[in-house]
Amino acid sequence: MKFYTDYLWFNTEKRREYIRITNQVRDALEKSGIQEGMILVSAMHITAGVYVNDNEPGIIEDLDKMLEELAPFGPEYLHHRTGEDNGDAHLKSLLIHHQVILPVTDGKLDLGPWQEVFYAEFDGRRKKRVVIKVMGE
Amino acid sequence: MKFYTDYLWFNTEKRREYIRITNQVRDALEKSGIQEGMILVSAMHITAGVYVNDNEPGIIEDLDKMLEELAPFGPEYLHHRTGEDNGDAHLKSLLIHHQVILPVTDGKLDLGPWQEVFYAEFDGRRKKRVVIKVMGE
Amino acid sequence: MKFYTDYLWFNTEKRREYIRITNQVRDALEKSGIQEGMILVSAMHITAGVYVNDNEPGIIEDLDKMLEELAPFGPEYLHHRTGEDNGDAHLKSLLIHHQVILPVTDGKLDLGPWQEVFYAEFDGRRKKRVVIKVMGE
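Chains as they are written, first to last, in this note's numbering: chain Y, 120 to 256; chain A, 120 to 256; chain U, 120 to 256.
If we strip away everything but chain Y, and leave its shape as in the complex, we get:
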């Protein structure tokens, strides 16, 4: 059984950004040499997410708009009593989820035709990490 672990670093310019990371995941898979297994891609921060969906700018804006409606930036969250201003980012991260598992079959990411992996930053402009862990044979 083989394992390969890698970390991606992000430091976005904007507070919220959606960054495609499918190629970085594919690089980790190639370095691992694994033919069958799974890859965990998981945000290491509580104000960011990882998801799989379409690499189409419109749907990314639609997603951002929906998350802003469900957990808007601005109001006085109870979390802000700590001095933070990112309560919305925690809630957005929980709604979109912070991780995905990607199947590996015959040495390849076993994704559907339009599936791409995204890092969703909800409280950027600081250094943050994602862990990629490949596991299999």
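FYI, nobody ran anything at the bench for these hints, they're computed from the structure.
It cannot be assumed that every hint is accurate.
[Claimed, not checked] Below, in silico cross-link-like pairs of lysine to aspartate or glutamate (EDC-like), each with a Cα-Cα straight-line distance of 20 Å or less:
#1 U:K150 with A:D225
#2 A:K246 with A:E195
#3 Y:K227 with A:D125
#4 U:K247 with A:E203
#5 A:K121 with Y:E256
#6 A:K247 with Y:E235
#7 U:K247 with A:D125
#8 U:K121 with Y:E256
#9 Y:K121 with U:D229
#10 U:K121 with A:E235
#11 A:K121 with U:D225
#12 Y:K121 with U:D225
#13 U:K184 with Y:E155
#14 A:K121 with Y:D229
#15 U:K150 with A:E155
#16 U:K184 with Y:D204
#17 U:K184 with Y:E187
#18 Y:K247 with U:D229
#19 U:K121 with A:D225
#20 U:K121 with A:E155
#21 Y:K184 with A:D204
#22 U:K121 with Y:E235
[Claimed, not checked] Pair by pair, the computed Cβ-Cβ distance ranges are:
#23 U:E149 with Y:G202: 17 to 25 Å
#24 U:E187 with Y:K184: 45 to 53 Å
#25 A:W128 with Y:G202: 48 to 56 Å
All C-beta atoms, glycine included, are put in the ideal place defined by N, C-alpha and C.
Please arrange chains A and U on chain Y, whose structure you already have, making use of the hints.
Coordinates of chains A and U only, in the frame set by chain Y:
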């Protein structure tokens, strides 16, 4: 270490359908011969989901109603500039999540008494796939 | 390849509670002796969730408030035709998701500085379980 990969095909009559697939997952587990491990069940399309909950028609309708409130079918999503009309289906998929992992213990799905696996179609009437990947020993 | 499976029992005093279980997951990891792999932490009931976020009382209240807005306790869900009164709890569980996967690297939970694992009870005052499955080498 053993792996077993299978694919389920769907082509629903309605735009939105919720289909129980616990038995198909159990079949894959039996074919794998695995006694200890995990099963990834993951939609391969960006307008469908996979979730675990109750096989009770009322709660399935309640879920559909909530998703329609949070990401309704109809409005002009930005995604529709591409000619598509399924922006809501992408967002519903992201809210419900597109995958689950099921634990396998002593050769059986290690689920609680009411847990059932569902495929959630949000943009049906076309051929779509789910990957089932069993991994363990 | 090694596996270690453990179960946590809960019987909360309140209908809704958010309980930190990072230490129990770490205990399971130590008992497993696994150095590299993944841990599945998954609620075995359809009215509870498991998530990773901040152990800060304000954000936990903010999360509870958001879930109450999206799937409030009280209204007549269709699920209640069965005699149940917990339709909201099913929907809250689906929104927050019922499981997480934690990476294990060098014998340790490979979490970011503020990441803690939580059990989210949405229909308590009865005995309920979470499965912890450690898998690796």
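Evaluation of the provided hints:
no. : hint                           : verdict
1   : U:K150 with A:D225             : holds, 19 Å
2   : A:K246 with A:E195             : violated, 25 Å
3   : Y:K227 with A:D125             : holds, 15 Å
4   : U:K247 with A:E203             : violated, 43 Å
5   : A:K121 with Y:E256             : holds, 9 Å
6   : A:K247 with Y:E235             : holds, 17 Å
7   : U:K247 with A:D125             : violated, 32 Å
8   : U:K121 with Y:E256             : holds, 15 Å
9   : Y:K121 with U:D229             : holds, 17 Å
10  : U:K121 with A:E235             : violated, 27 Å
11  : A:K121 with U:D225             : violated, 24 Å
12  : Y:K121 with U:D225             : holds, 14 Å
13  : U:K184 with Y:E155             : violated, 42 Å
14  : A:K121 with Y:D229             : holds, 17 Å
15  : U:K150 with A:E155             : holds, 17 Å
16  : U:K184 with Y:D204             : holds, 17 Å
17  : U:K184 with Y:E187             : holds, 16 Å
18  : Y:K247 with U:D229             : holds, 14 Å
19  : U:K121 with A:D225             : holds, 14 Å
20  : U:K121 with A:E155             : holds, 9 Å
21  : Y:K184 with A:D204             : holds, 17 Å
22  : U:K121 with Y:E235             : violated, 32 Å
23  : U:E149 with Y:G202: 17 to 25 Å : violated, 35 Å
24  : U:E187 with Y:K184: 45 to 53 Å : violated, 22 Å
25  : A:W128 with Y:G202: 48 to 56 Å : holds, 52 Å
In the structure shown, a violation is registered for the earlier hints numbered 2, 4, 7, 10, 11, 13, 22, 23, 24, in ascending order.
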